[in-house]
Every structure is written in structure tokens, then in C-alpha cells.
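Using the hints provided, position chain B relative to the given structure of chain A.
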Amino acid sequence: MLALIVLILRYALMFVLYIFLGWVIYTLWRDLRFQSQIVTTQKIPQITLSLESDVDGTRLSFAKPELVIGRDSECDFQIHDEAVSTRHARLTYRYLQWWVEDLQSTNGTFLNDQRVETSTVIIKGDELRVGHQNILIDIETTE
Amino acid sequence: MNFIFPSTPAPKDLLQSRLMKLTALFIFLCCLVLTFSPAVRLHTWLADYHWEQWVGFAVWICGFSLIYRQVNRSLPDRDPYLLPIIAILSGWGLIEIYRLNPSLGFRQTAWLGACFLAMLVGFRIPQFFTILRRYKYVWLISGLILAILTFFLGTYPGGTGPRLWLDIGGIYLQPSEFLKILLIIYLAAYLADSLPTHFRLIQLLTPTIILGGAALLILIAQRDLGTASLFIIIYTLIIYLASGKRRVLLFSFLGVVIALIAGYFLFDVIRLRIEAWINPWLDPAGRSYQIVQSLLAVANGGLFGRGIGLGSPGVVPVAQSDFIFSAICEEFGLAGAIALIIILAVLTIRGLGIALHAPNKFQRFLAAGVTSYLIAQSLLILGGTTRLLPLTGVTLPFISYGGSSLVTAFFSAFLLMMISNQSEDQPASIENGRSYIFVGSIFLVGLTLVAALVGWWSMIRADGLLLRTDNPRRAISDRYVVRGEILDRNNVVLAQSTGEKGSYVRTLTYPLLSATVGYSNPDYGQTGVEASMDNYLRGVAGNPTTTIWIARELYSQYPIGLNVRLSLDLKIQKQADTLMQGKTGGLILMNAKSGEILAVANAPTFDANQLDTQWQGWMKDTSAPLLNRATMGQYPAGTAVSSFILANYLADRELPGVTPAFIWTVGSGGENSCAVSPGIDPDWASLISSGCTGAITSLMQNSTSTNLTNLFDELGFSTRPQIQIETSTASSIPSLSDVSQYITSDSLRVSPLQLAIAAAEITNGGHKITPKLVSAYQSPMGDWILMSQNTPTAPLTKLDAPSAVNLLLQDKLPVWQTVAQVEDKGKTVSWYVAGTPTDWQGVPFVLVIALEESTAAQAEQIGQELIKNIFVPN
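Chains as they are written, first to last, in our numbering: chain A, 24 to 166; chain B, 32 to 905.
Hints listed in this document are in silico derivations from the structure and should not be mistaken for laboratory results.
From a predicted model like this one, the values you see are computed outputs, not experimental measurements.
Honestly, I wouldn't trust all of these hints.
Derived, one-sided and incomplete: chain A residues facing chain B with beta-carbon distance under 7 Å [said to hold, decoys possible]:
| # | residue |
| --- | --- |
| 1 | L30 |
| 2 | L36 |
| 3 | F43 |
For lysine-lysine, the following DSSO-like pairs were computed, each having C-alpha atoms within a straight-line distance of at most 30 Å [to be verified]:
| # | chain 1 | residue 1 | chain 2 | residue 2 |
| --- | --- | --- | --- | --- |
| 4 | B | K392 | B | K276 |
| 5 | B | K799 | B | K605 |
| 6 | A | K87 | B | K392 |
| 7 | A | K147 | B | K392 |
| 8 | B | K899 | B | K602 |
| 9 | B | K843 | B | K624 |
| 10 | B | K392 | B | K43 |
| 11 | B | K799 | B | K602 |
| 12 | B | K276 | A | K87 |
Glycine included, each C-beta is placed from N, C-alpha and C at the ideal position.
Only chain A is shown next, with the shape it has when bound in the complex (with noise of 0.2 Å):
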């Protein structure tokens, strides 16, 4: 009787744990189809550089994240210029926005004539100064 009783026991247990999972698996495919229903194709809008100096316009695109500017020849773009730190300066997109952030550099990074003390948001037809250059800013608008 007892032995009964506890084997009913152990089924029920059995069957709880499985109702917990089963809860689990369920809510989380719940969670899965309400997502792929609500997903957008967030793309990173496409910014681009130019140097004012150099009129012949060496454009360079950029579709990532992260982007450096430095002296330095890993630096994705590069400026040959005396006054730029080998790592200077870091774009980055977050928050559904571009952002400037100056990596400690010698001569410090300008963004319209100001200087750059903590990340800050640049926008498209922003100047950003670095060193004795110009980099002139143009960021895709999304619709």
C-alpha cells in the first residue's frame, strides 16, 4: 500500500518537473515567435569620411560598428599627419546612433571646434578635427 502511494508520488513528481519544462519551452517559443513577428532589420547606417584637405576627396564608407582614426597603418582611417595620435579617435554606433569618443590623444579631437571630453553623438555635416585635419562627416539616413 505504502509502496503505492510513494509510486504515485514519484510520478507525480515526475510529472511536475515535466510541466515546469514544459512550461518553460513553451513560453519560450511564445517569446521566439513574438519577436520574429516584431523584428525590424536593424541595419547600421552607412557613415562616411573625408578629409577637407584633401580635395580630390579619398571618401572612405564604412558599414561597421567601430570604427579608429590614428596615424597608425591598422587604424581604419588613416591620416598622415604629424599631429595625430597612432590610435586617436573611436566612432561607434550604438543606441541607434553614431558616437565620438577621443582615445586619449596628444592634441585631443575637436568636434565643431569642441573639444571631445566624453562620448558624444555626431550627427550628419558634423566637422570633426584631429590633429591639423578635417574630417567632414556624412551619415545614410534611415527612413
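Relative to chain A, chain B alone:
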């Protein structure tokens, strides 16, 4: 239940509350089953119930209720699955630990309480991640210092073992556990600070390799190889996830393979582990003991498990920490194991998801790191216990016993919960998310493989595994279930289960039969009839399948055993034992027609009821009391085979008219020696039955070595007798150029049982017989069912058995007989062989006695005395 886990109407809270309630119900039911399990095992309400785990349950539910409320308050946007997952894993583990060892359960409860307190405090620390990130070197280096301290102050809580713990006032800490999480914090912080710049990978990694390598060296020096391999895995995964470069995985994989090969040749530990993994069945009692026992536990679980408290997971070494998964498999079955694996799979998916949604790189790497650590460590030990991977002694996070491990796991879960708490879905940008998908896939594939292997061991291979003799569950069941009785031919009990239910012991009512009836002992295994008839005695053979199934499902035990009847006659057995007292040797009395063994006497022998106290002494005793000399002793045959030589001779020709004339002396082996005195002016009959070497060798002169080896071969001297107790492998029959050496030297060796089988052919008119010790078993309905019968075979044409018997017939007793006395490596061995005549009206029998360090006259005296008693029962 709403009071314990109150919910707000928000869907996330509702989900979390519902999952917490289900978890609590599950743990509650586990505790309930565990409480009653002792009563189920004893089949009675009157038992010592398990109450200890309720303390654990109380702490667990109060703690999680508090954490739950705190989490709802301070982390409104956390992942709703995390808390239920850690609750169910830690609760399940805690109850299983209580089941295995209540005192460890209390310790684990205390650690759980400490985790709860730390978590409650942790939620209140402002700027938590900033502090973690800023002091990354401080954390890692203090961890390293703690680990180095184990070289000087290390102890092992359980006695002797690897000294990986620090004893702080009775609390044992294992620094390598904390080192793991500190390494993850350091790596996450370092990579988040340094990664954006496109320096070369090697430059980027140099500082981490130095620090990680230092940690690795400490672990390798401490021989904590499980944690060391985990370190390599965690390090590789974090670097790979952060950099997205596949070659990191490739290099690390190659490095591990090279290290493994080097380790295989350099370190014994690694070689043993790998060999035990590749072929565990080679040395199941030694090197691969743990893994084989673990697989036996998994096999015993079956589909739904034996039920908590009803299995025997405690027989697996360190079941509460390294092998807790085998314990869960045994008591919750394949269904439970798959549930546990699904929970880990959900943790994998949620953990990596949290990493992807993290607001900054530090928190992303941190979340990815702790998820990798939790799942990789789980996979290592899950794979180890199911033979997917070589065994590494790491714990199963949240579940295994161990304070440091529990604290580390809870801290990881705490970090994940904190990171998951993002109000706005604005994760840090990511260049390459594929690495997260890849790592997640590897984890999920690994978990699926573990589930498949548990299915393989518990379903497909289970029956074969459970029948193994090194499965201690059989012996444990014997303590709770009455084992069948072993009876003699007149239903007198020879062996039975005595004592109280739960502590039955096997008792021999006539201990002098220990070598034949054998023993069934949890420590020393099984021998004799106890071993050969084990299936009937424990009721798995001869019972209806439903009976066996009900006993297994309801009680996780075997059904009540069936009685087994032997052919032995206890009355004659007692006389034989009395006569053999003080001698060294074996005696066997057998029905010459049916092959039923009526008595097997051994001297000296042992008492199976005193195995536990006397075993060591018997093992060391040079007189070998454990040996069943009657069936296993191999002695030089000497003139004991003269009846066969005579019957062989008479098949072709008459005896010569002239008897060999020597001055006969009584002794061993010489040409003119006789085993016993042949009397004055002896004839052929008395010369042969007295074992006179010269007379018998003269009958062999016409035979070639091939003739004789064929004869002995046909008599069964080169085959191992098949009987329900242990026999020795037969000695091979040598080919001797001087045929007389077959009886003068010690080169032809037989056991008393072999000689009895051959002698029965002489009495039986040349017909071969099969020896038999077990005659019947008693079905559950109470009637006796005979074991298979002998099939009569055609007589051996080579022998003229009736003429030989007539010639060797004695005056004083109605039997034929031969005797022998042989020198065997400086010892004297003597034989007495006798049998009833071919046309005997009563029960035909043969008697064989072999004695060490006694004369043939003494053997003859014992034999004739016993035969007189058989004919004239007193």
C-alpha cells in the same frame, strides 16, 4: 503558494512566479518521497523515516522566497527563467545530498544560506560592475595568492587526497573554484578595455596568457587536472567569443590534443584516466572502478528511476560531488536525466542571449564567460560520468556537494541576473555574433550526446550491466529480501537468510559445507551454489515476469527468492566430515548412475558465517582452507587410475598367467612398492587393488603413449567438469615416452571430482555420466521443479568395465577399489577410489578420497568406514 512567491500582473513576473511554484512543488514531492523511502524498502509502516531533508527544504524555500522578492524589487527587467533554474538545480542537488549523506546535507544547507545572504547583500552594492571592472588585477591576483596558499596550507577534508582545500576554522574553501570566476572577470574586463583597437591577437593576449598560464601552472602542480582543463576551455571560449576568430578555437584544440598526448606519456594520472575511459571493462575493480560503478548506477535507473531514497547511488565513490549525476540518473531515471539536461540547455540559451543583449562589452564578455563556465563544467562531469569524455573530477554546478562550488555557481547566476536586467533593449554593438551561435551549438550538441548516452546505458545496455557480479545492488537487495533457502535432498536446510528485514544475513546451518554451498556476501562476493544458482535464489529466474516487475517498480528490489534443493545427503555428509576431520584433502561421493553428488567433504575448510572476521587469516593460511579440494584440487593420480588401465587391458586380452613377483614393500612410487599391503602371496586382483606399481606398469607395457593419452582424454582428465560449483581447469595430459611414468611420476594430475566421474563409468558399465549438485527448485506455487536430466550416452568401447569391476571386487565389502600413494614435490598424496559393482541392486555409488600428507592406508580406512556406514545406517 502565492504568499511565498507573490506575483504582479506583469507577464514576466507571472511566468517567474509560476515556475518558482512548480519548482517548490517538485522539491516538496522529492522530500516527501525521501521521507517514506525507508518504509518502502522494509515493506512496513514501522520504519525510521527520513526527516533531515526538511531542514534543507525549509532553508531553501525561505531563502528563495526572500531572493525572489528582492529580485522583483531591484531587478525589474531581469531574465525570468534564471531564478527558477538555479532554484530547481540547487534544490534538487540539496535533497539528493541529504539522501546520500544527511550530515553533508546540513553543511550544504549552511552554504546555501550563506549564498542567499551574499546575494541579498550583492543586490544592494551600487556601481557593482564598475568595481568589478576597475580592480580586475586585484581580484585575479588575490585568487592566485589563495591558490598558491594551498601548496603550504592545503588540506583534504575527507582524510587523505589531493590537498586543494584551505581550512579556515572548520570551513573548507577550494580556491581553484573562486579562481575560475575571478579569471572570467579579469578576462572580460581586460578584453573590454583593450579589444577595440586592432592590435594583433598575440599582442592583445600576452598579459592574459601570462596570468592565465600562472593559474594553469598552479593547478597542474596541484594535480587538479579537471579544473586545469576547465581553465583552458573557459579561456579559449572567452577569447573566441570576444574576438570572433575561429583560429583561437583551432589553436586551443591542437594545444589540448598535444598536451593530452604529452600528459598521457608523462603523468600516470592522465594515462589512467584515458585508459579507463577507452576501455573501462578491462579493470573494473581497480582503475576504472568509479566509471563502471557510475554506469551501473545509470543502468539501474531505467526510464523513471528507482525513486529518491530507493536506489543505491551511495555505492558509487564520492557520489555526492563528482558522481551526483549518476545518483540522479539512478533515482530519477532517464526521464529525470533528460529533464536536467533540458534545464541546462535552457540555461545555455538564456545565458548566451543575455550576453548578446548586454549593454556594454564588459558585461557581455562576463555573461558569456560565466555561461561558458557553467555549461562547460557541467558537460565535463556529465560526460565523465556517462563515458562520453574521460573522467575529470569537477563538480556539477549548483547540484554537487561543495561550498566553494556552490558559492561560485551562485555568484555566476547573480552576475547573469544583474546583466540581464536591461530596461531598454539597446545592446552594445557587435561585429560578429556568429561565434555566440557557434559556442551555443557546441554546448547543445554536447548536452544532446550526454542525454543519448544516458539512454544507451539505462535502456539498451541496462540488463547486461545489472547482471555483472560487481553490481553491489544485488547484495544490498539481499539485506531487504529473503533469499531462497538451500536444502539437502531430504529438504534439510543448509543455508538461509536470518535476521531482521533490512539486515538479513546469509547463514549456513551446516558450516562445514561452506566450500561447496558457498557464500553470498556483500564484501566478498559469491561462490559455490550461492553463485551458480543466484538467479533462482534471488527470484529473478523461475518467477513470473509480473512478480519480478512489480518488485522492481514498487520497491526497487528483487522478488522473494526461490528455494533450491541439492543432491547432497546431509546425514552421509556429516559422517564424511567426521571421518575427514584433522586430515588435509577432499572427498567426493557420487551416485554412479545419475551423477548426483551425495557428499563433498573438505578438510581443512572454513566457516562462511565468519567471513567478515576471519577472511584475512584464511587468505594467508598456507593450508588453504578456502579451497574446495574435492572439486578444485589437482593431485598426481598414481595407481588410482589402475582400474581404467585394467579395464582397457581386459578389453583386448586376458591377464597374463604369471603374477609379477617382487618383494612388495608399502610406500610411494617405486617399482616394488604397493600403496597398501597386498597380503601374502598376492594374486593380480589384490596387487592391482592394493596399488602395486610394478604389477600395474606391467599391464601398460603394450600401450603406447598415444593410446594412454587418448584413454585419459576420453575419461575426462583433460576436460573441466561442468557442475554448479567452482572447478579447476583440467591439467593437460603430458606425452611420456616411458608410459610407466603416468603412474610413477606426478605428471598426470586430476581432481577428485574428475576421478569420481571416470570411476562412475567403471561402475556404470562404461556409460559416461554428468555430475550434478542441484536437483530442483521450488516454484512460487510450492511444487518442486527438477533441473535438467542426464541423457544417457553410449558406452566407451575401449573399456571392459564389468570384468575389471569383478576382478577388483573386495571380500569384506561389496565394492571394487583402487588405492594410490604418490610423491608430489616432496609431499605424499594418497588416493582411495571405490565403487559399487555393475549389477548392484541398491543405489550405485562411487567414492573418491584424496589426502595430502597421509598414507594410502589412512585413506582406505576412511573410505571403508564411510562405505560401511552407508550400507548399515546407524
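Task: Non-conforming hints, listed in increasing numerical order - done: Violated: none.
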